[in-house]
Amino acid sequence: MSDTYTLYNPTVMEHFMNPRNMGDIQDADGVGEVGAAACGDIMKISLKIKDGKIADARFKTFGCGSAIASSSMATELIKGRTIDEAMSFSNQEVVDALGGLPPVKIHCSVLAEEALKAALEDYVKKHPELAGKKTAEQAVTA
Amino acid sequence: MSDTYTLYNPTVMEHFMNPRNMGDIQDADGVGEVGAAACGDIMKISLKIKDGKIADARFKTFGCGSAIASSSMATELIKGRTIDEAMSFSNQEVVDALGGLPPVKIHCSVLAEEALKAALEDYVKKHPELAGKKTAEQAVTA
Amino acid sequence: MRHVFLDHQSSTPVLSEVFDAMKPFFTEAFGNPSSLHQHGLRVRDALKTARQQMAALIHAESEEEIFFTSDGTESANLAIKGVAYANERKGKHLVVSATEHPSVIQSVEFLEKQGWTCTRVKVDREGFIDLADLRAAITPQTVLVALHHVNHDIGTIQPVREAGKICAELGVPLYVDCDASAGWLPIDVKEFGAALVSFSPHRFYGPKGVGVLYRNRKARIVSILHGGIQEGGRRAGTENVPAIVGGGVAAEIALKELPARSAHTAALQKRLWDGLKTQIPYIQLNGPVPGPGRICTNLNLSTEFIEGEGQLLLCDMNGIAVASGSSCVSKSLKISHVLGAIGLDHALAQGNIIMSLGKDNTEADIDYTVETFAKIVTKLRGMSPMWDEFQKGIIDSVIAPTGRGKSFSQHAADVSGKAAH
Amino acid sequence: MRHVFLDHQSSTPVLSEVFDAMKPFFTEAFGNPSSLHQHGLRVRDALKTARQQMAALIHAESEEEIFFTSDGTESANLAIKGVAYANERKGKHLVVSATEHPSVIQSVEFLEKQGWTCTRVKVDREGFIDLADLRAAITPQTVLVALHHVNHDIGTIQPVREAGKICAELGVPLYVDCDASAGWLPIDVKEFGAALVSFSPHRFYGPKGVGVLYRNRKARIVSILHGGIQEGGRRAGTENVPAIVGGGVAAEIALKELPARSAHTAALQKRLWDGLKTQIPYIQLNGPVPGPGRICTNLNLSTEFIEGEGQLLLCDMNGIAVASGSSCVSKSLKISHVLGAIGLDHALAQGNIIMSLGKDNTEADIDYTVETFAKIVTKLRGMSPMWDEFQKGIIDSVIAPTGRGKSFSQHAADVSGKAAH
Ligand SMILES: Cc1ncc(COP(=O)(O)O)c(C=O)c1O
Ligand SMILES: Cc1ncc(COP(=O)(O)O)c(C=O)c1O
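Protein chains in written order, with the working numbering: chain A, 81 to 222; chain B, 81 to 222; chain C, 7 to 427; chain D, 7 to 427.
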């Protein structure tokens, strides 16, 4: 057995073995913690927001390899985006960037999306002025 | 594969490969032909009787290896016996002398017994004086 | 003594390429495919390759349509019972041919005890079904039609493509048992219009211990061996990895060598039958004549006035391995149900021998077999009271009747007191 | 990197003696045991020897009580369904323990759909059944009691001898699934009072592709895979000869080496658990403590605040092969039903890892595993929001509760909106 066989593709394995952005942000502007009832995974994302953009994103995850890789990838992808851009972030981006996940593990990427949105909501809650702006904007685009 | 594997034991195989007493007796004193409805085998035994004893016995058999071996062995065993001795011949003798038969093939030895008895009956039928004697004897032993 | 193996339908030796492919999976790569570590993942890859090789042999679209079982029998059981149970609400009627393999027939009989009904389509004297009968047998309650590609006893090639069209038209899935044909005749699941196809690599130089079931995605099936979620939940139990890997390689080689193997065996089949019928009087071929109606590997012979087991044993003692459908040869003392279904006279069924050819048989093998078999027949006829009575004009031949006397079968019934079964 | 295989419960490599014994049966002795010529008869002899070797391993009286199937799953299906169908007229009730293998549980569920009823005897927190419960579960309609010898997840050794006495007293046959114990613990069918016993050689250095079912002559059973009359009519299909032969040799060697293998693994089991519990805080052993109540090969561990798959993957990347009963690891996203049955807190079930020892593991393997596993736990806890919250006093430990906060499970339910299953 010279080759290495892995459950996930090399990108997923790399993000699982060497996760990016692992940790907490001490003075986070928004924190979201969500859980997947399906399998018991828990994911926490903290955000630092500067000038309406995500300046930093960190995660902590209790979950399987693809949950850890998904949080690593999600936090990577989201950095530098505006809040509005981040609000329309979809788990599919994580799946694509990871080069695919096993069907039974797609929910891990959904969890990452949910954790991110929870963190954004937390930020928005602390900044009611944005909520108004958002609603106004939505009214325009609708 | 250096050894030879056989369906039957060496004695059965030997009697199948080199059957004793195969053929017909031209001026037979008794001939019996019987069939086994179970498998379609047919066995024919012809006897030469001299001084109340079986002087010669021959068989012809349409049937499997154990049927041929059973007829070979039965004709061997029966030679030299008196008619009365022959009348109480049992298939078990054939089975024992052959060193055993597979359970599903025991009926072949029964067929040999039946063929022999049919030949004896044929002889007795041609010699009514013996039938009387026999019945009288049976009455004594009974 | 020459050794001639003429029982390729019973099993075949594993090719050296196949054995070499299997070898690492016993010791080095011994993992369980359900395991999530190296050892499991490595064998998972190997199973996928084998699935692709199996799919290729029968021109299936995707390896995901291939399920592994333990043998041809289990595949047949799964096809029949798995479809029956899955479609219970739709209907409880099945259609099979009268000459299916016991694994199909007995599966159906089991279901009949549980409330299903089954129509058995009869066959003609060569073993072919009539397509009109097949069509007529299908009812709105029919959930499956089972028809073998090639008969294991008499080599008849069934009109599966036409059967497939009828099934498609009537909306009933068709299961084609290809155990006796895979590796020897081309198989194309789409051309067959088959929803399910089964086969078994040990019949074409692969190992025992693995069976294959192809299932088209549209066909509903449930598992019959319950437990873990192996094989997409359709077959529980730890996979027999080495056999699956070896079977895959055997399938790949069979696909490549199929034209050569077919041509080779077809030529020998002709030489063998020509030789036998020239050398031996009162011998008959059961099933279709060699050609498009019969598989290139099989000869089913009836030699009159002698019985099959003796022929088989004397062949064996002379180095020739053959099979028989005669009753004396079976543990049940019944003749093969196939010989019964084609209405073969009991006397001829009794004298039955099946010779099946393989890629390694040679012309010299065939010539030795013809010569030896002729001697065996002479020897056994010399022992046979029936041959004697035929010579004396007491009974007649079934194969070449002269009208001069009663038949063997009639005579046999007379001496045994009742008709044989 | 060191390679340590600690998943012997999933499968084991084939011994070289076993492989050597199998080898001729692929190529040279490739016959079908149903054939009546040399090729068939030779392998028949080999099957008989294998049957004797299997019988010896479990102290069965005669090799005629041994049936070959394709694997442990099929043996369990045959034991359950074969007995149920055979005794349908007597009654349609079964008794099993709650922690049987899925092959038993799912077979029972299949029968339940067909009108049978089943009582599942619960187990305590270590996985033991209560004999009084077992007795109470048996009714006059009960036709079979199924109780595994050793649990495949948590290593619990069930009181099968005592269960056998109760079954004998009440006149109900007992089936003991010995898949997780055969080759590692002594098995005596008479001592067990077992009417049926199953096991699978690939668990003790034999090949995959063969399962064994012992059946006492008095127990009525019918076949579940229908077709030919192989295995005395109780299992149709061409026998997997090489695997059967290899399995027999594996059984013979296992019987001889059993005391040494047990002693060796028991010592390593102790060393491993001692090492882990010393090095790692908040780790717990599920199932009985090592000793007479637990098989010598298995450790089922729950490491708090981290999940199982990550542990498994990091072990694998460090050369250590382990298994897990955690939900993330299973395709169904459900935790092992065994962990559910012993009432394991969901958080602990999530962090589940199973290590199973074999004869070739060494003390150095164990020391490397302890050291590596401790690092892995540290790494994963560093990533875990739960570990963080435990450090901060927000949630409490289940393994060593301090009463200072809500549990992990409560917290998980809060953040996910509902309780995990
Ligand atoms: C107790 C028990 N029974 C049955 C089985 C099924 O065995 P197999 O997967 O070999 O069919 C297993 C396998 O893990 C088992 O542990
Ligand atoms: C047409 C057909 N189907 C099914 C089977 C069963 O195959 P196996 O004995 O390998 O299980 C056979 C075997 O002879 C067969 O010829």
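Wrong hints could be hidden among the right ones.
Partial list, computed: chain D residues near chain A (C-beta under 8 Å) [claimed, not checked]: (1) 137; (2) 191; (3) 194; (4) 315; (5) 343; (6) 391.
Keep in mind that the hints were calculated from the coordinates and are not lab data. Glycine included, each C-beta is placed from N, C-alpha and C at the ideal position.
Verification of the hints:
| no. | hint | result |
| --- | --- | --- |
| 1 | 137 | 34 Å, violated |
| 2 | 191 | 31 Å, violated |
| 3 | 194 | 39 Å, violated |
| 4 | 315 | 4 Å, holds |
| 5 | 343 | 16 Å, violated |
| 6 | 391 | 4 Å, holds |
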